[in-house]
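The chain contents come next:
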Amino acid sequence: MSLYLARKTFLYLVTFVVAVSVDWAIPRLMPGDPINGLIARLQADPTAAEQLHGYFTESFGLDQPLWRQYLDFWRGLAQGDLGPSIAYVGSSVNDLLLNAVPYTLALLVPAILLSYIAGNRVGALAARRKALDNSVLPLAYVLTATPYMWLALVLAYVVGFRWGVLPVSGAYDFSLQPAWTWEFARSFATHWFLPFLSLFLVSFGGWAIGMRNLIIYELEADYANYLQALGAPNGLVRRYAYRNAVLPQMSGLALALGAVVGGALVTEVVFGYPGVGSLILTAVQNRDYFLLQGAFLFIIIGVLIANFVVDLLYMVVDPRTRVGAGRA
Amino acid sequence: MVARKRTQRGLGAGALVVLALCVVVASTAVGAGARTDGPSALPRSQTLYVSGKQWGPYTDFNPFRQGDYATGVLGLVYETLFRYDPLKDRFIPWLATNGRWSGSTYVVTLRNLVTWSDGRPLTAADVKFSFETGKLPGSEFATMWQTGLQRVTTSGNRVSFHFRGTPNYQQWDTFRYTMPIVPRHIWASYSAQAITTGNNDDMSKLIGTGPFKYGGGKGGSQTLQWNRRDGWWANRALGKRMPMRYIVDIHNTSNTASLQNFLQSKIDLSNNFFPGIDKMIKGNVKTYYSRAPYMLAANAAWLVPNTTKKPLDDRNFRRALAFSINVGRIVRDDYGNIVSKASPTGLLPTWRKWIDTTAVRQLGYAYNVDRAKQILQQNGYRDRDGDGFVENKDGSKLDLRLIVPNGWSDWMTAIQMIADSTKAAGIKITPAYPDFNALVEERNSGKFELVINNEVQLSNGPYVYYDYLFRLPIREQQTTRNFQRYANQQAWRLTTQLNKTPSTNVARHKQLNSQLQRIMLRDLPAIPLWYNGMWAQYNTTHWTNFASASGSGLQNTPSTWNGYLNMTGIDALAKLRPR
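Each protein sequence line maps, in turn, to chains A and B. For the first sequence, this note's numbering begins at 677 and goes up steadily by one. For the second sequence, this note's numbering begins at 11 and goes up steadily by one.
For the record, the hints were derived by calculation from the structure and aren't laboratory data. The beta carbon of each residue, even a glycine, is placed where N, CA and C say it ideally should be. Misleading hints may appear alongside valid ones.
Residues on chain B that point at chain A, a partial pick, calculated with CB under 7 Å [what the hints assert, rightly or not]: (1) ASP70; (2) GLY148; (3) GLY208; (4) ASN209; (5) THR233; (6) ILE260; (7) ALA448; (8) THR489.
Residues of chain A clear of chain B, computed beta-carbon distances all greater than 12 Å [to be verified]: (9) GLN740; (10) LEU753; (11) ASN889; (12) TYR902; (13) ILE977.
Pair ranges (Cβ atoms, derived) [stated by the list, open to error]: (14) GLY175/B x GLY730/A: 23 to 33 Å; (15) SER735/A x PRO285/B: 35 to 45 Å; (16) GLY730/A x LYS215/B: 21 to 31 Å.
Next comes chain A alone, as it looks inside the complex:
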């Protein structure tokens, strides 16, 4: 068991190092010099611009050879310092992320967990209720095939703009600043709902379809037929089927995380939600190496941790893994 855990941890570490190195390299492969872009935005007089170019290049450490930049990056990372932002000169990437991450988590975590729970439940019900199978399932197929951004736009247009029921941009009303008040909480919740819903619906469709098919498959398996032949009550059979069907869904959750995170980022952009997605957009537009690295690092760490948790949970729910791990 501990050997299994050690092996898993080692694998995750290797994945982390590789992913972070790729994360470091990719922004630097983009064409264009970030400092030139920065100076172009500042629109400084040429006399000042020349001096500024040298000044910024040096202060961002971009005058160093690449290998040194890479080492500095790891050194900074070890100290929890993600470096300075180029797009928002004077701000640290740490501060920018700290402001944005709560919003992204507020969308992602409930969307992932609730869509998983609700999708599985509805899928399982649909497998044994014809009416539900004929009504909800087609809808689930449409939902799961919908791109996150498109659904977000449709919701924003219909619910927000046409009906005017819910706000479509920002995380709270413009007349408020974050505070511990009911007024703010209410405003936060109404602004949160549509982006959450668009993430929830797309994921929900996928889980419902998956669960429905798995339950049908499980109910036709030998053990289910055997139980039924023994005269076991239907509820018991379904319970066994559900437990078995949950296993592939759980590995599916680990696999789907990346896509949901990607979906959350574009959804944030559509709804002007001040999370990591909006930061990534700015970072890409401004060749902000450090901010891009930092934002992707958040995603990398998040996805790896979530996968690790799923791995651990898998050991709890599937006794075969435990036995296998014990032997390994």
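Got chain A; can you put chain B on it based on the hints?
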């Protein structure tokens, strides 16, 4: 039955976990940008909502970083010695009551009884300190010290700026209304780096002479709130009073989102670019002009040819190009008439008095396909292979790549229209849309062929445009001027002379302007296309009396963009009335 119960319990537990997470997340979110005072929602009748300047979080509160500081830092908090009114072409004494030249020394008299928001008086030492920050490495104001300013001295409430040789009067005029004055007793403790490129976002140190102080929103917040402060010097000295208790700036996420908020009356003054706004100007939605072009002009969009590349190095070819572009169609179909066609000189409408109309009549151009064809023919650009497009003089294929930044949708459409209209004259242009930084790289290093640019904004005179077109020497990287790499010593000499001519010498100004315009019109180092607007849309549901072409005293610059409040933007805000 058992199974269902279990699942339900599972669902309940899941929901609890989610709820707990939400609380944790919300508590972290609340920490950022919390407001400094008590009441929660701001009273609508006392709050002005503006938008259009800020893209991204409010992190920069340093007024010396001109292109970047958060909305209102200069204008609402920090102020300048003078302001400049581009519509009346006059300087407005502000923190200074007057300024005059005495030989090559500029002497400023400071206004009495101006206090900082911490109660300390504004002194000559503050002004000296502020101007001397231009000497620090990394300063955006380095130019003034590198091109003549030698030292600053003070005596009582007078500040003298001593120049070496003939001062650069035009540039100095710009500094007079753009240089922020900061309190020395606070800023002296900042490092050089903090002064030139720091965010200086310790809000207890955001001490200005202006009408507002910080109210909340720093960092990740989506709005920035300014609270009116008591004791603004202009209340007593000029009888000026800001009518709103709060100004809230809403940061842009997209023009579409801003448009929705604007139409729902959540934004009172929007400085966003709204395509199609011309169809919405009725009822509560108003603009500076009630008819096309609706907005004041803020800058000219130029077609910049790389004059180091064939055939763009040939002024006759550039001339044919100028005749072949149907700008009228861009103005009408792309912009819905919210912009207007540029004068062939490119000079903004506010600089009309400097335009040499005779030169324009003699050397100007307008869309005329036949004329374009004729010029091409006369100069050896012929269609030899019968594909409908002319070839280079040596017979090689000619296909010019015209670039604009990806995502700038109005420009993307415009260059398609340009390519379409030059086709009729036989000039092949292929539009391309690299992203902004890639475009900057291509443009600055001189690898591009054609690019659209509107870098230089409305300011105190056309000098900036000549500087933009003719600046020499040409370097490996052309960062902000002369992207076309056009080398004309005579034009640059005249530009320098204009810089060294005081605005009071009108006759000499006219003469130099005329000479420079003749060179521009003859050589076409860049081709002016249309005037981009000072985008400003008003929703008058909650506030009225916005800046307007008609109405007494309302001719102000209705913009919260950086650099506009210290023109007459502050007057535009002061004139507003709640409904």
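Here is what the structure says about each hint:
no.	hint	verdict
1	ASP70	holds (6 Å)
2	GLY148	holds (4 Å)
3	GLY208	holds (5 Å)
4	ASN209	holds (4 Å)
5	THR233	holds (5 Å)
6	ILE260	holds (5 Å)
7	ALA448	holds (5 Å)
8	THR489	holds (4 Å)
9	GLN740	holds (18 Å)
10	LEU753	holds (22 Å)
11	ASN889	holds (18 Å)
12	TYR902	holds (18 Å)
13	ILE977	holds (16 Å)
14	GLY175/B x GLY730/A: 23 to 33 Å	holds (27 Å)
15	SER735/A x PRO285/B: 35 to 45 Å	holds (38 Å)
16	GLY730/A x LYS215/B: 21 to 31 Å	holds (29 Å)
In this structure, none of the earlier numbered hints is contradicted; all agree with it.
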